[in-house]
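Can you build the whole structure from these sequences, using the hints too?
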Amino acid sequence: MEAVGTREQDQALASRWAGGRSPWDVSWGKLMMWLFLVSDAMTFAGLLIGLWAARLSSPTWPNRLEIMNIRLVALMTAILICSSTTMALSVYAMRQGSRRHAVQFLIVTILAGALFLGLQANEWTHFILDGARLNSNPWGVPAFSFTFFVITGLHGLHVLAGVIYLWAMAVRIAKGLSSDDSLEIAGLYWGFVDLVWVFIWSSIYLL
Amino acid sequence: MSDSRPHPQPQALTRAYLVAWIVLLLVTALEASVVLVFSLPTAVRVPLLLLCALIKASLIGAYYMNLKFERLAMASIALIPLILAVLMFFAIVPDAAHLLRLP
Chain A
0 MEAVGTREQD QALASRWAGG RSPWDVSWGK LMMWLFLVSD AMTFAGLLIG LWAARLSSPT
60 WPNRLEIMNI RLVALMTAIL ICSSTTMALS VYAMRQGSRR HAVQFLIVTI LAGALFLGLQ
120 ANEWTHFILD GARLNSNPWG VPAFSFTFFV ITGLHGLHVL AGVIYLWAMA VRIAKGLSSD
180 DSLEIAGLYW GFVDLVWVFI WSSIYLL
Chain B
0 MSDSRPHPQP QALTRAYLVA WIVLLLVTAL EASVVLVFSL PTAVRVPLLL LCALIKASLI
60 GAYYMNLKFE RLAMASIALI PLILAVLMFF AIVPDAAHLL RLP
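Residue numbers (numbering that gives the first Met the number 0), protein chains in the order written: chain A, 0 to 206; chain B, 0 to 102.
Everything labelled a hint here was simulated from the structure, so no lab data went into it. Small disclaimer: the values here were computed from a predicted structure and weren't measured. Just so it is clear, CB atoms sit at the ideal spot from N, CA and C, and this is done for glycine as well. Treat the hints loosely; a few may be bogus.
Quick list of simulated restraints, FRET-style, between CB atoms [unchecked claim]: (1) A:Thr59 x B:Leu49: 39 to 47 angstroms; (2) A:Arg171 x B:His97: 48 to 56 angstroms; (3) A:Ser178 x B:Ala96: 46 to 54 angstroms.
Given below as structure tokens:
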């Protein structure tokens, strides 16, 4: 019995984390990115639930169709979806050993992210010119503009961080310094940015 | 999802990405049309938009965040925030809505 126990212990110590069989079977970098994304998802969930609490406790809520350019935001949503696809294709190209294609798809993803940010800046400008401020607005529901600025602003910062992150990855891949695993981890972040936008687009603009 | 999920062939994977891309764009177009073109009653519009959001989130998670090809345990990690968010929603929002009915 003792010999079997020792063998099991040896097997456990020889495993990836020296603590037994890895339950998730992913690299530590990927797992850490997932843990970050889970905590970040909770931040956005808290903000969106705050939006709904403010909205449902308010007797009125401004009509977004009269204030916001939904067509423009639909275009922004489509751009983000396209960028997620090119990101996935970049990871796929890297896995197939084609660094050149991986960098090309990454550059398209970065451009799409930058375009999204530009359109968001345009939307913010119109909203501010219409009189919207963080704590007041002409439609008489301060929580409306507050939640808009905080939630879309935090998401925009994530897109900006993603553009910088992907730019660094593109440079590193072009120089042969990063692996396909590192690119996949960056792809997880970019997918998350798109995933969060699904709920922001629904909660702020559509519902 | 199972623990011994085989990785798909490269061609099947590219096709899956492209199908997910087209479905995501179509669902987004449907969402925008529901608000801009059709004047549906709230009882239809809200569940429809929520369903669209869930379809899109599932596709992004499954294909663009690779959860379809990971172990079930990994997908469980990703589900934690969703479960906690739903709990938080039902803990907070009914109270907020109740404020409207107070004298």
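Consistency of the hints with the structure:
| no. | hint | in the structure |
| --- | --- | --- |
| 1 | A:Thr59 x B:Leu49: 39 to 47 angstroms | violated (22 angstroms) |
| 2 | A:Arg171 x B:His97: 48 to 56 angstroms | holds (53 angstroms) |
| 3 | A:Ser178 x B:Ala96: 46 to 54 angstroms | holds (50 angstroms) |
The structure fails hint 1 only (numbered hints given earlier).
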